[in-house]
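Colleague: If you want the building blocks of each chain, they are given just below.
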Amino acid sequence: MTPALVVKNVEKTFNPGTITENHVLKGLNLVLEEGDYVTVIGGNGAGKSTMLNAIAGVFPVDEGEIHIGDKNVTNLPEHKRAVHLGRVFQDPMVGTAAAMTIAENLALALHRGEKRGLSKAISEKEKEFFRTQLKQLDLDLENRLDDTIGLLSGGQRQAITLLMATIKKPDLLLLDEHTAALDPKTAEKVLQLTDNIVKENNLTTIMITHNMRDAIKHGNRLIMMNDGHVVYDVKGEEKQKLTVEALLEKFTHSYRQTAFSDRMILG
Amino acid sequence: MLNIITGAVSLGLLWSVMALGVYLTFRVLDYADMTVDGSIVTGAAIAAKLLVSGVNPVLATMAAFFGGMAAGVVTGLLHTKLKIPAILSGILSQIGLYSINIKIMGKPNTTLLKVETIFSMFTQSKQAVLICGGITAVAFVVLLYMFLSTSMGSALRATGNNEKMANAMGINIDSMKILGLALGNGLVAFSGALIAQSQGYADMGMGQGSIVIGLASVIIGEVLYHRTSMLGKLSAVLIGAVTYRIIIALVIDMGMDPLDLKLFTAITVTVALSMPRIKNYLFAKLNTLKKHTNANRSIKVLEKEGKRV
Ligand SMILES: Nc1ncnc2c1ncn2[C@@H]1O[C@H](COP(=O)(O)OP(=O)(O)O)[C@@H](O)[C@H]1O
Ligand SMILES: [Mg+2]
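So the protein sequences, as listed, match chains A and B.
Last residue of the first sequence: number 267 in this note's numbering, and the count goes up by one each step with no gaps.
Last residue of the second sequence: number 309 in this note's numbering, and the count goes up by one each step with no gaps.
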């Protein structure tokens, strides 16, 4: 079977040739099977967000290839990859259009990646569908379809962004620390919701988190990134048996190695 | 007095079409578009040239719309493809249009007193501008409302509101910006064509500062008629444009030197645009003041209870 995602030998350097030159992705390789639910951990600046942005096409990569399903998307701009991708960002303000209503936002998402013509933006039937979808969030939003998104709390907005990312089934769901900006209780709720949606739709998912406990608890596979590539990759039973201590051990180990090699370069 | 007011309302209605264009770029697309000072003259110039050549006034005015659209497309391309900053893209178009507008007319101004206009064509009434202007302005409010309620209109609004989100939804934000600038400048040019026909001439100077007049109309409308629905917001623009003209007519009637008008408008827009900041500042002051009084009060209460503070 074709893998859901192939990232092959991807390299990315920001601001090449300037003093702020930053080689962030270094020979990044990752293959996801259909239905994989991968949690991603790694230190600050390891390149986790850059990996998701490279997959989403926020910027072109310098080298390597990216395939989503059987489609080579390496040279497609961001808006043309959108048809394959559901995305939720760390900042709850980023995923929704604040000045537009809940219904308008959901309608934009329902037609993700499609041509936008001169038909009505939202049909009555779609509104009814949105109501049932919002009900499942269990946040009392089903009767607020015509409320402006800007009026909602960060948690509510993030839950809606999650719904928007999945209301039209994506080939790949990309979550970048999407609960990091929420208070612990809301974060827990949104994570639970994420699990439900991913399972229900059998979505291939990449979820970045800075919480090792969450990384172990959720998904069927866990990868650790350091210095722009994957340094640890576990799945199935082995992943279920992981402990935070064991992960920390791995983390420090790989971190020391980079620090060591850096020193060698400098030395 | 009544004459002054009807004159101002008529003029306001014609300018409201322009203000709708500014609303589309400035508010919906979040793009401060300087093209309009040029494209409003482009509209006037195209209509004037065609009218003196004997073209039907409706067709001449429609042609002005397309001329404005072309100007907007150029600004959009400068900004999206060549990555020139928004304001500068508009200024470049505006400057370029200055030469193009003279080329269109073949001279710096054209009189339209002896030709049939879109107003004289429909009615011989003295209030032709008021009637035709009113119908046109309302028609554009409705048309724009209908457009913004479509999938394409919704994508345009999303682009102006949150580019990152629009991109993630698969919206081609470059195309949307070009579209918004095209439609906005189309409206501005259409308005220019109407204004030229109502005043009986088109000339190179009529565009100067029109961006600020458009902004003033948009902001006055928002202050006077604050609505959350799209139809309400668009109606507010119309109300703002008419109100602006009434204010101007009144201050001139009260003896203000017409040469001071531009300064007056600039100050009005500055104050209106800084309103949110001024409000925040005043609220902050008020809050600290409250805290102080509360603190003083608690101290007094404590003193009354005989405690040392
Ligand atoms: N668009 C960008 N331009 C320049 N540098 C960037 C950009 N995006 C990320 N970086 C840099 O790349 C490095 C990795 O960032 P990131 O992928 O966000 O790390 P994280 O693993 O914490 O998500 C950081 O040093 C960051 O400053
Ligand atoms: Mg990150």
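Fair warning: there could be bad hints in the mix.
Below, simulated DSSO-like cross-link-like pairs (lysine-lysine); rule was C-alpha separation at most 30 Å, straight line [claimed, not checked]:
#  : chain 1 : residue 1 : chain 2 : residue 2
1  : A       : 168       : A       : 185
2  : B       : 107       : A       : 115
3  : B       : 279       : B       : 107
4  : A       : 115       : B       : 83
5  : A       : 169       : B       : 262
6  : A       : 127       : B       : 262
7  : B       : 262       : A       : 80
8  : A       : 26        : A       : 125
9  : A       : 125       : B       : 164
10 : A       : 189       : B       : 262
11 : B       : 164       : A       : 168
12 : A       : 80        : A       : 185
13 : A       : 71        : B       : 290
14 : B       : 262       : A       : 120
15 : A       : 8         : B       : 164
16 : A       : 185       : B       : 81
17 : A       : 135       : A       : 169
18 : A       : 199       : B       : 164
19 : A       : 26        : B       : 107
20 : A       : 71        : B       : 103
21 : B       : 103       : A       : 135
22 : A       : 217       : A       : 250
23 : A       : 80        : B       : 164
24 : A       : 120       : A       : 189
Just so you know, these hints were derived from the structure itself, not from any lab.
Colleague: Indicate, hint by hint, whether the structure satisfies it.
Modeller: Hint check results:
Proposed proximity of residue 168 of chain A and residue 185 of chain A is supported: the alpha carbons are some 28 Å apart, at most 30 Å. This hinted pair does not check out: residue 107 of chain B and residue 115 of chain A have alpha carbons roughly 44 Å apart, beyond 30 Å. This hinted pair does not check out: residue 279 of chain B and residue 107 of chain B have alpha carbons roughly 48 Å apart, beyond 30 Å. Our distance criterion of 30 Å between C-alpha atoms is met by residue 115 of chain A and residue 83 of chain B, whose separation comes to about 25 Å.
Restraint check: the Cα-Cα separation between residue 169 of chain A and residue 262 of chain B comes to about 55 Å, which exceeds 30 Å; the hinted pair is violated. Of the pairs offered as hints, the one joining residue 127 of chain A and residue 262 of chain B is violated, with about 48 Å between alpha carbons and a cut-off of 30 Å exceeded. For the hint pairing residue 262 of chain B with residue 80 of chain A, the CA-to-CA distance comes to about 46 Å; that exceeds 30 Å, so the pair is violated. For a cut-off of 30 Å, the pair hint linking residue 26 of chain A to residue 125 of chain A is broken: about 48 Å separates their Cα positions.
About 28 Å separates the Cα atoms of residue 125 of chain A and residue 164 of chain B, which keeps this hinted pair within 30 Å; it holds. For the hint linking residue 189 of chain A to residue 262 of chain B, the alpha-carbon distance of about 56 Å lies beyond 30 Å, and the restraint is violated. Annotation: proposed proximity of residue 164 of chain B to residue 168 of chain A holds, straight-line Cα distance about 18 Å (limit 30 Å). Pair hint residue 80 of chain A plus residue 185 of chain A does not hold up; C-alpha atoms about 36 Å apart against a cutoff of 30 Å.
Between residue 71 of chain A and residue 290 of chain B the CA atoms are separated by roughly 63 Å; this puts the pair beyond 30 Å, and the hint is violated. Pair hint residue 262 of chain B plus residue 120 of chain A does not hold up; C-alpha atoms about 41 Å apart against a cutoff of 30 Å. Taking the CA atoms of residue 8 of chain A and residue 164 of chain B, the gap is about 26 Å. The hint holds against a cut of 30 Å. With a CA separation close to 45 Å, the supplied pair residue 185 of chain A and residue 81 of chain B exceeds the 30 Å bound.
In summary, the hint linking residue 135 of chain A to residue 169 of chain A is supported, as the alpha carbons are separated by about 18 Å, within the 30 Å threshold. This hinted pair checks out: residue 199 of chain A and residue 164 of chain B have alpha carbons roughly 27 Å apart, not beyond 30 Å. A hinted pair counts as satisfied when its Cα atoms are at most 30 Å apart, and residue 26 of chain A with residue 107 of chain B does not qualify at roughly 63 Å. Simply put, residue 71 of chain A and residue 103 of chain B have alpha-carbon atoms about 51 Å apart, too far for the 30 Å limit, and the pair is violated.
Distance hint between residue 103 of chain B and residue 135 of chain A is unfulfilled; the C-alpha atoms sit about 61 Å from each other, more than 30 Å. Distance hint between residue 217 of chain A and residue 250 of chain A is fulfilled; the C-alpha atoms sit about 17 Å from each other, no more than 30 Å. For the proposed pair residue 80 of chain A and residue 164 of chain B, the alpha carbon gap of about 14 Å is at most 30 Å, so the pair holds. A hinted pair counts as satisfied when its Cα atoms are at most 30 Å apart, and residue 120 of chain A with residue 189 of chain A does not qualify at roughly 34 Å.
Hint check: violations occur at hints 2, 3, 5, 6, 7, 8, 10, 12, 13, 14, 16, 19, 20, 21, 24; the rest are consistent with the structure.
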